[in-house]
Amino acid sequence: VHSEDVELSEEEESSIDLAVPEMEGSQEETEDLTEKALQDKKYLLLNAVCCSLVNKSVAPGGTNWDAKTSVWTRIKNIANDISVSDPQFLLKVAVYTRQQLNIRITANFLLALAASQPSTKPHVRRYFCAAVQLPSDWLEVVRIYSTCFSTSLPTCLKKAMVGKFNEFSEYQLAKYNTRKQRCKHNRKK
Numbered sequence: 006v007h008s009e010d011v012e013l014s015e016e017e018e019s020s021i022d023l024a025v026p027e028m029e030g031s032q033e034e035t036e037d038l039t040e041k042a043l044q045d046k047k048y049l050l051l052n053a054v055c056c057s058l059v060n061k062s063v064a065p066g067g068t069n070w071d072a073k074t075s076v077w078t079r080i081k082n083i084a085n086d087i088s089v090s091d092p093q094f095l096l097k098v099a100v101y102t103r104q105q106l107n108i109r110i111t112a113n114f115l116l117a118l119a120a121s122q123p124s125t126k127p128h129v130r131r132y133f134c135a136a137v138q139l140p141s142d143w144l145e146v147v148r149i150y151s152t153c154f155s156t157s158l159p160t161c162l163k164k165a166m167v168g169k170f171n172e173f174s175e176y177q178l179a180k181y182n183t184r185k186q187r188c189k190h191n192r193k194k
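Each step along the sequence shown adds one to the number in our numbering, with nothing skipped, and position 160 is 165.
Hints were generated in silico from the structure; no laboratory data involved.
Check before you lean on any hint, since a few could be wrong.
[Stated by the list, open to error] Pairs of lysine-lysine residues, derived as DSS-like cross-links and limited to a Cα-Cα distance of at most 27 Å, are as follows:
#: 1; residue 1: K126; residue 2: K180
#: 2; residue 1: K81; residue 2: K180
#: 3; residue 1: K97; residue 2: K126
#: 4; residue 1: K180; residue 2: K163
[Claimed, not checked] Listed next, with one range per pair, are the computed distances between beta-carbon atoms:
#: 5; residue 1: T35; residue 2: L178; range: 46 to 54 Å
#: 6; residue 1: C134; residue 2: Y181; range: 49 to 57 Å
#: 7; residue 1: T78; residue 2: E33; range: 32 to 40 Å
#: 8; residue 1: L106; residue 2: C134; range: 32 to 40 Å
#: 9; residue 1: D91; residue 2: C134; range: 14 to 22 Å
Being a predicted model, the structure only gives us computed values, none of them experimental.
Just so you know, even glycine gets a beta-carbon here, dropped at the ideal spot from N, CA and C.
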């Protein structure tokens, strides 16, 4: 990711279009142009994801999280364009963001976003377990999805969550079972 990528205005960003321009020439030339436009969008997404850590922004689901200038809106718009042509790329970026960059909130937002898009839904279950590392990540994906996209969870996300829940150790889950919750449970007996 180059530093000059950060300086793209919204007009420049929207000018990178995945539609095949009408040109005279071979089909191969137009495919090359489409592939180049897709590659440019992928770099823009990676740039936005990397910059999400340093951008002072409201958390997804917070007040004005989806403002026109928000990093989350930018990521969402670019991801929508890419997902039509390459549905797995968004999820690969989520795994990379969590495992290599250690940016939890952005990785969880990308997972929730992928669960909301029809083209990426079939792939959510496969990448979810790799991107979610802690029970708090697991909970945050649900919170982001329910506040940003829809109150009802899609089946692909439910199945992915069940699979990941079974992978958590007793120790990991016990850390989130607070003393107050244990006391309430013991009183019921």
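Tested hints:
1. Distance restraint check for K126 and K180: the Cα-Cα separation of roughly 31 Å exceeds the 27 Å cut-off, and the hinted pair is therefore not satisfied.
2. About 33 Å separates the Cα atoms of K81 and K180, which puts this hinted pair outside 27 Å; it is violated.
3. Straight-line distance between C-alpha atoms of K97 and K126 comes to about 13 Å, which keeps the hinted pair within the 27 Å bound.
4. Proposed proximity of K180 and K163 is supported: the alpha carbons are some 22 Å apart, at most 27 Å.
5. At roughly 53 Å, the beta-carbon separation of T35 and L178 lies within the given 46 to 54 Å, and the hint holds.
6. Distance hint check: the CB atoms of C134 and Y181 are about 18 Å apart, inconsistent with the given range 49 to 57 Å.
7. Take T78 and E33: their Cβ atoms lie about 35 Å apart, and the range 32 to 40 Å holds.
8. At roughly 18 Å, the beta-carbon separation of L106 and C134 lies outside the given 32 to 40 Å, and the hint is violated.
9. Between D91 and C134 the CB atoms are about 21 Å apart, so this pair conforms to the stated range of 14 to 22 Å.
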